[in-house]
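Student: If you want the building blocks of each chain, they are given just below.
Protein chains: 2
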Amino acid sequence: MPDLRKDPITGRWVIISTARGKRPSSFMTAKREKTHIAICPFCPGNEQRTPPEIYALRPKEHTTPNSEGWQVRVLPNMFPALGIDGELEKKGIGMYDMMTGFGAHEVVVETPDHTKSTRDLSIDEISNIITICQDRIQDLYRDVRFRFVLMFKNEGEQAGASLEHSHSQLIATPVTPRRVKEELDGARHYYKQKERCVFCDIIDQEKDVGKRIVYENDAFIAFCPFASRFPFEIWLLPKKHEVDFYASRGHINDMARALKIVLLKLTRALDGPQYNYIVHTSPNRFPRRGYWHTIMEDYHWHIEIIPRILRTAGFEWGTGLYINPTPPEDAAKYLREITVTI
Amino acid sequence: MPDLRKDPITGRWVIISTARGKRPSSFMTAKREKTHIAICPFCPGNEQRTPPEIYALRPKEHTTPNSEGWQVRVLPNMFPALGIDGELEKKGIGMYDMMTGFGAHEVVVETPDHTKSTRDLSIDEISNIITICQDRIQDLYRDVRFRFVLMFKNEGEQAGASLEHSHSQLIATPVTPRRVKEELDGARHYYKQKERCVFCDIIDQEKDVGKRIVYENDAFIAFCPFASRFPFEIWLLPKKHEVDFYASRGHINDMARALKIVLLKLTRALDGPQYNYIVHTSPNRFPRRGYWHTIMEDYHWHIEIIPRILRTAGFEWGTGLYINPTPPEDAAKYLREITVTI
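Chains A and B, in that order, give the protein sequences. Per our numbering, the very first residue in the first sequence carries number 1; after that it's consecutive. Per our numbering, the very first residue in the second sequence carries number 1; after that it's consecutive.
For the record, the hints were derived by calculation from the structure and aren't laboratory data. Everything hinted at is true.
Here are the simulated BS3-like cross-link-like pairs (lysine-lysine), alpha carbons at most 25 angstroms apart as the crow flies:
id, chain 1, residue 1, chain 2, residue 2
1, B, Lys192, A, Lys91
2, B, Lys207, A, Lys6
3, B, Lys194, A, Lys6
Under 7 angstroms between C-beta atoms, here's a sample of chain A residues computed to sit facing chain B:
id, residue
4, Asp7
5, Val14
6, Arg179
7, Ile278
8, Pro327
Every residue, glycine too, gets a C-beta built ideally from N, C-alpha and C.
Using the sequences and the hints, build the whole thing.
Tutor: What follows is the structure, given as structure tokens:
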């Protein structure tokens, strides 16, 4: 089982995933020969090459689990960052703190078609993926040891994707990760001062100003945030105050449409960029003592899309201060003016 | 002049550097044709291709500024992340906060020899670079508008280096960056509880345990930290409690030796890795109202060396929780067993 270790200075947790353990020699080899996977484990017909499926959407009747006929397929990750077998145990080692790397790591294969990316799927197909991910997160949150589930996607090698076949991932963690906690704390602080959600206020401000908006429909809005860390960074939010991903269940179609259009615009703007997107939803609010389950009014779930076109360097690592060469107003204008047909 | 903009949720500052402004088309071009710089602006004979030098170490007598004969040369960055011409002004824009991107961005060309990296230089040559950087930081801190100066190095394209010729950089910022502040706050919190420096305690613990140490001499120690974020991450610290980089003035030779040996070991282990290193020194302690100048006992300057062998992906961006596949004990053992001759 992996370790979770805490930096004694900043309190930052790190996952030491011995399951993925790499010897120095493996890094040297990786540099020399590009690994080539001849057989894609996510393609139909290769279901036996993956761990047994957790769930599959099977539109065709009479297809059996772990065989062809699925539209979306959810699997345990073959090399999980956190392990689900075992117990959550915490201990001190000298002055250091650690806990067992208890968690879950699932892969959502988005389509049987190896050649398609999320943006190429139909609104209905994207809606199905979203629905399934919402259900998986709800299911994982039934285990109160999971404090947070991140849904994310790595598209392209620069963005950290190890397999080409389009897939999203879910990782459930036994701690509330620091970037999530920073947002939660910031939003709570704002709410205490103003009795309003900071994300709702941002949406209002962006609608007033207009110049950073990329796309908008009845239920969703996409804009380049005022303090964008990266060129063409885009946030996608429900316009109504909704604390968690599942709360947007009623307008999944609008969400799928917004996501598809924004990704198509990005592709046109940046000639098929590599990107990450991450879903920031509320931590586990199933009843538990303490702080988290009281959050209801002050957080607002959203998607952050980060095109990977610049490399972060020493300055960003050393300071956490990002240098963005493209003002979000310019990026948004460029994206807004691209027309896409779906 | 660039903008500094604050994310209204987390309080994270971002530099929008319009001076480096890139249109979407420039990213698309960058993908297609690799820019080739035929003439290196950092090589001797090309001094006129850079802005006038701020300082140069000229061992040969009778050489004139901005001409050949230098050993180390300090220049303003041609495309500065922050601008020194102008005033530090703060303002609100609707609900958002910004300030002018006032700061300084200097480049330290480490050697006239285009083919050499830091690890190839002699102990004396590395000592000279360190001395000059210490002096530059002291000089920049005379301007109390600068809250912090980061010294850092990007080695290799993967690590964000845009020019091959070996150089370090200094960036002075008008805010204390969040990663630095996290360390300062953590160290202060620890000191308040224990009346001891957390870094000094870590050094003691590492010496007791031994298994994460990479190298040690009279004045410096290098180890893979307990909660390493990256495979082969190494921290290098003065063994004596020293709050800022300048305080190690008395044992620069040991620092240069430790740096050279650690970089040589890394090169042997990872077959010439690309890396970043960053110097975390104390913020500006020149007399000023408030908090910072009181820090004397609780912070401990250090260098963090980060080999860039893995790509960060959506999970790390979304959570700030790093997945490290190589336990620091394994990395340190491997590095310790490599013998290098200098």
